[in-house]
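Number of protein chains: 4
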Amino acid sequence: MLKHRTKFRVIYGDTDSMGVAYYANYLRWFEIGRTELFRFLGLPYTEIEKKGYFLPVSETHCKFKTFARYDDVMTIETSHDETIKAGLKFNYLIFKDDENDIFANGYTRHAFLDSTGKLVRTPKFIREFIAEKIGER
Amino acid sequence: MLKHRTKFRVIYGDTDSMGVAYYANYLRWFEIGRTELFRFLGLPYTEIEKKGYFLPVSETHCKFKTFARYDDVMTIETSHDETIKAGLKFNYLIFKDDENDIFANGYTRHAFLDSTGKLVRTPKFIREFIAEKIGER
Amino acid sequence: MLKHRTKFRVIYGDTDSMGVAYYANYLRWFEIGRTELFRFLGLPYTEIEKKGYFLPVSETHCKFKTFARYDDVMTIETSHDETIKAGLKFNYLIFKDDENDIFANGYTRHAFLDSTGKLVRTPKFIREFIAEKIGER
Amino acid sequence: MLKHRTKFRVIYGDTDSMGVAYYANYLRWFEIGRTELFRFLGLPYTEIEKKGYFLPVSETHCKFKTFARYDDVMTIETSHDETIKAGLKFNYLIFKDDENDIFANGYTRHAFLDSTGKLVRTPKFIREFIAEKIGER
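Protein chains in written order, with this note's numbering: chain A, 63 to 199; chain B, 63 to 199; chain C, 63 to 199; chain D, 63 to 199.
A couple of the hints might just be wrong.
Treat identical chains as interchangeable: a pair holds within one or across any two.
[Stated by the list, open to error] Subject to a maximum C-alpha distance of 20 Å in a straight line, what follows is the list of computed SDA-like cross-link-like pairs (lysine to any residue): (1) Lys69 to Arg101; (2) Lys158 to His172; (3) Lys125 to Asp143; (4) Lys65 to Ile192; (5) Lys127 to Tyr169; (6) Lys147 to Thr137; (7) Lys147 to Lys158; (8) Lys127 to Thr184; (9) Lys113 to Gly81; (10) Lys65 to Leu155.
Because the hints were derived from the structure by calculation, they are not lab data.
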């Protein structure tokens, strides 16, 4: 499985007056997770856009388990879901110190658009790139 | 069904460099939707907190259908899901001019916490309030 | 003086764990203020972009007087600063119930860019539009 | 001068449909800068709150020089302004690769509040801490 972990810290601007991280920010953190997975694999998302493709989110889901608070250092583990053939799907796990102390988990699904905004099949270079990376494991 | 519609406008700060509304902002708009539903029904969320309860989001889901763009006026229709007994669930539909032109739909689920942060059953005054409001329809 | 007032409500997502509105959000509200001033005057910002100009913020300043809290209804009064000839400047006053209860005041300065991103003088149609609107007062 | 540099990366959620980083986000980055300066000096902001003090922003100013774009890695250099005796002031410089390629500069001023929300003089432990740190240089 293609998987990567990255860390970040909750800032004041991420929290709300309940004293915890505001729920919409988890989707920002999902973005950080998948961006860093792409970069780690050797295909930064900026390269995908340079080739004329966009990868907007078509669906997202998130379960919130434990509250994250100001200044918490979080790990986001992003993994590529190989079972999905149409577009891409990423699964996310956000935790504090270890996987037993989970803040949230969720997923995003993505469709490919070409530069005119038209929905297209997953581009060949992406399918080949993923197949190659999975083969390397 | 307890249901309410409210409108808002997409600002520059809501968009991203793909030229469309950034996906995390839909969760902010879901918040606006459920807040205004509570207020419309006669129980502002601030009243719930004054009684010593918090209603954090335990789960959210959103499907993105059409891109929203800068300065679009959107309607969010929030409805209370009566089939859920543990906590609360709200369903959302975000559309532009009519329900045939849908930007997104989704839901949030909420658990009740007391003032010490402990998970509690849906408070009696909430259950009675909802039963009464549903009875009025 | 070209001036306009608009209202908005502080949501949970605008607050932070100090229990008050997070300071960066005031710049979002400044945006709402100047956008609605343009619209009120009859020249929506989208029209300016359609004519091939962009109006990014080159400078901003804000003083925070009183804390805004969740669910507060705020008024933002935006006024065009006629004394500035290079680009545009807007002054903002954000208050709760009347001008004696001020949350914040500040300003933004803006430069004009053409569609290639080059800095240009304030376009003639803008200068004429402002002169005409000021003349009407 | 007490000074510290930290790096971060612009995400999609930070950009707007002009294709550049939205101006309000610079205030989030100022927060990151001063938080990491405090931590670097050995007094994390969480410690200040544990001692019963809050340090809200009373004023901010920012000049925007060059546009930051998606995936740019930015350095924020935060320095403590020793000339200010009432409260604290921090100066910020945000740049890409070197200080000749500046995105923005600005400052924030901060007042001290005690745990009841009352405005107080800069606490003795803060004044001593800063004097000691300046002396070490």
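Cross-check of the supplied hints:
1. Lys69 to Arg101: both (14 Å within a copy, 17 Å between copies)
2. Lys158 to His172: neither (27 Å within a copy, 22 Å between copies)
3. Lys125 to Asp143: Both ways: Lys125 and Asp143 sit 18 Å apart in one copy and 18 Å across, limit 20 Å.
4. Lys65 to Ile192: within (12 Å within a copy, 44 Å between copies)
5. Lys127 to Tyr169: Classified as both: same-chain Cα gap 15 Å, cross-chain 17 Å, threshold 20 Å.
6. Lys147 to Thr137: neither (27 Å within a copy, 33 Å between copies)
7. Lys147 to Lys158: Neither, since 31 Å and 31 Å both go past 20 Å.
8. Lys127 to Thr184: between (33 Å within a copy, 18 Å between copies)
9. Lys113 to Gly81: between (43 Å within a copy, 17 Å between copies)
10. Lys65 to Leu155: Answer is within; shortest intra-copy Cα gap is 11 Å, inter-copy 33 Å.
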